[in-house]
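Asks: Read top to bottom, the protein sequences are chains A and B. The first sequence runs 0 to 329 under numbering that gives the first Met the number 0. The second sequence runs 0 to 329 under numbering that gives the first Met the number 0.
Misleading hints may appear alongside valid ones.
Pairs count within a copy or across copies, as identical chains cannot be separated in the list.
[To be verified] Below, a list of computed lysine-lysine pairs in the DSSO-like style, where the Cα atoms sit at most 30 Å apart:
1. Lys77 <-> Lys283
2. Lys77 <-> Lys284
3. Lys136 <-> Lys284
4. Lys299 <-> Lys284
5. Lys299 <-> Lys283
6. Lys77 <-> Lys136
7. Lys299 <-> Lys136
8. Lys136 <-> Lys283
If you are wondering where the hints come from, they were derived from the structure by calculation, not from laboratory data.
Protein chains: 2
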Amino acid sequence: MTPADFYRGRRVMVTGGLGFIGSNLAHRLLALGADVLLVDSLIPDYGGNLHNIAGIEDRVRVNVADVRQASTMNYLVKDRDVIFNLAGQVSHIDSMRDPFTDLEINCRSQLTILEACRHHNPGAKVVYASTRQIYGKPESLPVTERHLVRPTDVNGINKAAGEYYHLVYNNVFHVRACALRLTNIYGPRQLLRHNRQGFIGWFIRMALEDQEIQVFGDGSQVRDFVYVDDAVEAFLLAGATDSVNGEALNVGGDEHIAHRDLVTLLVQAAGSGRYRLVEWPPEKKAIDIGSFYADSSLFKTRTGWSPRVGLAEGLRRTLDYYRPRMAHYV
Amino acid sequence: MTPADFYRGRRVMVTGGLGFIGSNLAHRLLALGADVLLVDSLIPDYGGNLHNIAGIEDRVRVNVADVRQASTMNYLVKDRDVIFNLAGQVSHIDSMRDPFTDLEINCRSQLTILEACRHHNPGAKVVYASTRQIYGKPESLPVTERHLVRPTDVNGINKAAGEYYHLVYNNVFHVRACALRLTNIYGPRQLLRHNRQGFIGWFIRMALEDQEIQVFGDGSQVRDFVYVDDAVEAFLLAGATDSVNGEALNVGGDEHIAHRDLVTLLVQAAGSGRYRLVEWPPEKKAIDIGSFYADSSLFKTRTGWSPRVGLAEGLRRTLDYYRPRMAHYV
Numbered sequence: 000m001t002p003a004d005f006y007r008g009r010r011v012m013v014t015g016g017l018g019f020i021g022s023n024l025a026h027r028l029l030a031l032g033a034d035v036l037l038v039d040s041l042i043p044d045y046g047g048n049l050h051n052i053a054g055i056e057d058r059v060r061v062n063v064a065d066v067r068q069a070s071t072m073n074y075l076v077k078d079r080d081v082i083f084n085l086a087g088q089v090s091h092i093d094s095m096r097d098p099f100t101d102l103e104i105n106c107r108s109q110l111t112i113l114e115a116c117r118h119h120n121p122g123a124k125v126v127y128a129s130t131r132q133i134y135g136k137p138e139s140l141p142v143t144e145r146h147l148v149r150p151t152d153v154n155g156i157n158k159a160a161g162e163y164y165h166l167v168y169n170n171v172f173h174v175r176a177c178a179l180r181l182t183n184i185y186g187p188r189q190l191l192r193h194n195r196q197g198f199i200g201w202f203i204r205m206a207l208e209d210q211e212i213q214v215f216g217d218g219s220q221v222r223d224f225v226y227v228d229d230a231v232e233a234f235l236l237a238g239a240t241d242s243v244n245g246e247a248l249n250v251g252g253d254e255h256i257a258h259r260d261l262v263t264l265l266v267q268a269a270g271s272g273r274y275r276l277v278e279w280p281p282e283k284k285a286i287d288i289g290s291f292y293a294d295s296s297l298f299k300t301r302t303g304w305s306p307r308v309g310l311a312e313g314l315r316r317t318l319d320y321y322r323p324r325m326a327h328y329v
Numbered sequence: 000m001t002p003a004d005f006y007r008g009r010r011v012m013v014t015g016g017l018g019f020i021g022s023n024l025a026h027r028l029l030a031l032g033a034d035v036l037l038v039d040s041l042i043p044d045y046g047g048n049l050h051n052i053a054g055i056e057d058r059v060r061v062n063v064a065d066v067r068q069a070s071t072m073n074y075l076v077k078d079r080d081v082i083f084n085l086a087g088q089v090s091h092i093d094s095m096r097d098p099f100t101d102l103e104i105n106c107r108s109q110l111t112i113l114e115a116c117r118h119h120n121p122g123a124k125v126v127y128a129s130t131r132q133i134y135g136k137p138e139s140l141p142v143t144e145r146h147l148v149r150p151t152d153v154n155g156i157n158k159a160a161g162e163y164y165h166l167v168y169n170n171v172f173h174v175r176a177c178a179l180r181l182t183n184i185y186g187p188r189q190l191l192r193h194n195r196q197g198f199i200g201w202f203i204r205m206a207l208e209d210q211e212i213q214v215f216g217d218g219s220q221v222r223d224f225v226y227v228d229d230a231v232e233a234f235l236l237a238g239a240t241d242s243v244n245g246e247a248l249n250v251g252g253d254e255h256i257a258h259r260d261l262v263t264l265l266v267q268a269a270g271s272g273r274y275r276l277v278e279w280p281p282e283k284k285a286i287d288i289g290s291f292y293a294d295s296s297l298f299k300t301r302t303g304w305s306p307r308v309g310l311a312e313g314l315r316r317t318l319d320y321y322r323p324r325m326a327h328y329v
């Protein structure tokens with residue numbers, strides 16, 4: 000069954016639904032004919048943004064709520080067929096300054112959602128947004144799912160726990176669940192307000208504002224990038240595919256590129272901005288993981304997924320999205 | 000430096016200090032001339048037992064406190080040279096019934112202790128009691144530290160997170176820390192009151208009370224066992240050895256034995272009790288990991304540790320300990 004068939008009339012919930020990936024997922028789900036409930040706490044600086052659903056706000060249901068709040072989640076999960084579980088605190092730096100908030104949002108809230116399903120909707124399928132951060136500094140590249148989980152920061156640890164909970168609830172309580180270990184996702188509707196949620200949104204903002212982009216170290220660190228539409232497709236496929244239940248699978252891009260080459264491409268595409276190599280800030284260096292790119296062949300084999308939007312095209316679309324909308328994102 | 004030299008006059012704290020391993024550690028530390036502070040919440044059914052320090056109660060300091068309580072921990076860690084961090088909720092079954100309490104005790108409290116050290120005593124060395132449970136069902140035996148972490152229950156997940164926190168605080172905040180992944184520890188001062196904290200204490204009680212020991216399945220599942228004095232020695236060595244900082248290392252026994260053979264040995268040593276093979280209870284089967292034994296060669300190489308007390312001798316000593324003291328443990 001294609002996602003197009005699968006999601007027509009399907010009751011779907013997206014936690015973190017006003018955030019970056021969540022809101023892109025909402026647009027696509029709506030286009031596929033799903034009944035879309037978006038849950039978001041709108042905590043300032045986390046990425047939730049009502050502008051992200053501009054144009055569809057009358058056709059989705061928005062429920063402002065914190066996923067840490069058990070009775071709310073118990074109610075909201077009740078009639079949902081598929082739950083895309085994307086709510087989270089995503090700043091590594093914040094997690095090291097305030098590990099307890101990260102714990103509450105990335106660990107406790109996952110248990111809250113899964114307990115809600117276990118007791119109030121055991122038939123739901125849950126797809127969890129995990130992260131390549133759980134691997135820590137790679138021992139070899141590309142990184143497969145056989146690589147040890149060795150997070151370098153508190154956020155990575157709590158995300159790993161959140162992922163493991165989903166697998167255990169699948170295996171023990173039969174709440175069907177899987178996790179996608181996402182690499183670097185970029186595209187429209189990402190937070191640009193500050194630079195504590197990964198570098199790519201910030202780089203895009205700096206380029207659009209014709210400012211200097213600071214690249215740490217010698218800029219040789221490699222990443223793979225996934226355009227958000229491709230990430231959305233990965234979530235849709237995972238939600239519709241029961242053979243991935245109980246698994247945590249890499250979802251990464253086919254193109255690997257060094258930071259300095261990425262920035263060159265970005266500045267070129269934007270026609271503005273410039274970059275400069277600077278020393279690593281110590282608190283970032285302490286949790287840096289060097290180069291990283293994932294082997295996503297397992298997920299591709301299971302679901303037929305493959306990323307379709309190349310980096311040059313993706314950056315162009317991203318810049319085109321933000322140019323007339325910067326006021327909503329800065 | 001031998002542990003004997005290292006611990007003389009050393010200010011040591013043991014969380015979970017009235018529990019099974021913690022109290023045995025206390026006895027040994029006192030014998031080595033350490034200044035011993037035991038912190039324990041004495042939560043009923045968790046394993047803390049004042050009788051465990053009978054004979055040394057006037058020479059150790061006992062502070063009843065919950066490791067989840069931040070201001071208390073901030074105060075208590077202040078002047079401690081070494082912290083043996085053993086407080087925890089250790090029942091797998093309880094963690095599946097009430098995952099939030101397990102989260103609070105096995106995740107949040109670890110952050111509380113590590114934050115206390117980070118801000119109030121960054122010079123402390125912390126040794127964390129982790130568990131083989133984090134590996135889940137082994138892919139091959141013996142299990143080395145290269146085996147993936149794939150817990151089969153919430154307790155295993157939260158213990159894994161607790162372990163990872165220690166490694167991150169070592170690597171990022173330079174609070175020296177390491178983790179010991181313990182297999183099945185047995186011996187004097189273990190909780191016998193109920194059967195939700197692993198099977199061996201319960202088997203010992205059943206044997207001593209001349210009752211029937213129920214062995215699940217065909218009894219062929221293999222485990223390695225470590226007598227508690229050997230586990231205590233492992234903690235002492237880890238606390239005194241800086242080359243293990245930032246690492247999580249297996250601490251398992253050299254003897255592997257199937258449940259039914261263990262029980263035969265036990266019944267023989269006790270001269271009482273009997274066993275019967277019974278069907279797996281479904282909630283236990285769902286989180287069972289099959290056979291398990293660890294490869295501890297990394298820890299042995301690093302510290303010179305090796306287990307000295309064989310299973311037959313260990314069981315004999317254990318039975319001798321409990322026989323006149325059953326009233327304090329049931």
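Asks: With reference to the structure, classify each hint as holding or not holding.
Replies: Evaluated hints:
no.: 1; hint: Lys77 <-> Lys283; verdict: between (41 Å within a copy, 28 Å between copies)
no.: 2; hint: Lys77 <-> Lys284; verdict: between (44 Å within a copy, 28 Å between copies)
no.: 3; hint: Lys136 <-> Lys284; verdict: within (12 Å within a copy, 35 Å between copies)
no.: 4; hint: Lys299 <-> Lys284; verdict: neither (33 Å within a copy, 32 Å between copies)
no.: 5; hint: Lys299 <-> Lys283; verdict: neither (32 Å within a copy, 35 Å between copies)
no.: 6; hint: Lys77 <-> Lys136; verdict: neither (39 Å within a copy, 32 Å between copies)
no.: 7; hint: Lys299 <-> Lys136; verdict: both (24 Å within a copy, 26 Å between copies)
no.: 8; hint: Lys136 <-> Lys283; verdict: within (13 Å within a copy, 36 Å between copies)
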